[in-house]
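Novice: If you read the sequence shown in the UniProt record's numbering, its first letter stands for residue 1, the second for the next number, and so on.
Since the hints were derived computationally from the structure, they do not count as laboratory data. Think of the CB as a built atom: it goes at the ideal place given N, C-alpha and C, for glycine as much as any other residue. Wrong hints could be hidden among the right ones.
Here are the simulated DSSO-like pairs of lysine-lysine, each with C-alpha atoms no more than 27 Å apart in a straight line [said to hold, decoys possible]: (1) 139 to 77; (2) 102 to 134; (3) 17 to 64; (4) 77 to 168; (5) 129 to 141.
Across the chosen pairs, the derived CB separations fall in these ranges [unchecked claim]: (6) 33 to 126: 44 to 50 Å; (7) 47 to 164: 40 to 46 Å; (8) 32 to 168: 39 to 45 Å; (9) 44 to 171: 22 to 28 Å; (10) 54 to 20: 16 to 22 Å; (11) 33 to 132: 36 to 42 Å; (12) 40 to 125: 31 to 37 Å; (13) 58 to 126: 21 to 27 Å; (14) 171 to 30: 15 to 21 Å; (15) 124 to 20: 22 to 28 Å; (16) 55 to 32: 22 to 28 Å.
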Amino acid sequence: MLREDGYNMEGDSRRKKIIDILTTRDRAITGNDLSEMLNVSRQIIVQDIALLRAVNKSILSTNKGYILYSDESKRFKRSYYVTHTDEQIAEELEIIVDNNGKVLDVVIEHDIYGQITVDLIIASRRDIKEFLQKLKDSKTKPLKNLTDGRHYHTVEADTENDLDIIEKELNEKGYLVN
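Working from the sequences, and respecting the hints, build out all of it.
Specialist: Written as structure tokens, this is what we have:
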């Protein structure tokens, strides 16, 4: 039903429910799951997420689904410029998560397309295993391969010391680009 100002009341209510669902979940939820829960098509969910993002809701779209991300936390962030082979992906990510880091994204600087950023949200070895399995199952190449292995990760941690330790270990393994 449309209000006089043209807004869809059902859409407003549904978007509020989406925020409520994302707020109460500790893991990502897929668009398909949201569409089933709210009895609408996946395309409607995609449109709702776009509308919510337009009003500054911190919704991340990851390879595992949608996550509501709060920047209000007192966590620290740092970007690392790294390079490694495909076979070293697990080790690089393990260095980060084993030292209390969360890999928020991967960023590449492409010569033609400019900056490309993809949300990852990898916080555990299980997340790493799932990510690597999806890479294997999709028979695709990691984004870093578009830039000869060079890419950035934004990492979040509870303390600056955690980030320092992550940086030191990445450097010791030769993954940091100077």
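Novice: State for each hint whether it applies.
Specialist: The hints, checked one at a time:
{"no.": "1", "hint": "139 to 77", "in the structure": "violated, 31 Å"}
{"no.": "2", "hint": "102 to 134", "in the structure": "holds, 19 Å"}
{"no.": "3", "hint": "17 to 64", "in the structure": "holds, 20 Å"}
{"no.": "4", "hint": "77 to 168", "in the structure": "holds, 15 Å"}
{"no.": "5", "hint": "129 to 141", "in the structure": "holds, 16 Å"}
{"no.": "6", "hint": "33 to 126: 44 to 50 Å", "in the structure": "violated, 19 Å"}
{"no.": "7", "hint": "47 to 164: 40 to 46 Å", "in the structure": "holds, 42 Å"}
{"no.": "8", "hint": "32 to 168: 39 to 45 Å", "in the structure": "holds, 41 Å"}
{"no.": "9", "hint": "44 to 171: 22 to 28 Å", "in the structure": "violated, 47 Å"}
{"no.": "10", "hint": "54 to 20: 16 to 22 Å", "in the structure": "holds, 19 Å"}
{"no.": "11", "hint": "33 to 132: 36 to 42 Å", "in the structure": "violated, 23 Å"}
{"no.": "12", "hint": "40 to 125: 31 to 37 Å", "in the structure": "holds, 35 Å"}
{"no.": "13", "hint": "58 to 126: 21 to 27 Å", "in the structure": "holds, 23 Å"}
{"no.": "14", "hint": "171 to 30: 15 to 21 Å", "in the structure": "violated, 37 Å"}
{"no.": "15", "hint": "124 to 20: 22 to 28 Å", "in the structure": "holds, 25 Å"}
{"no.": "16", "hint": "55 to 32: 22 to 28 Å", "in the structure": "holds, 24 Å"}
Comparing the model with each numbered hint stated earlier shows that hints 1, 6, 9, 11, 14 do not hold.
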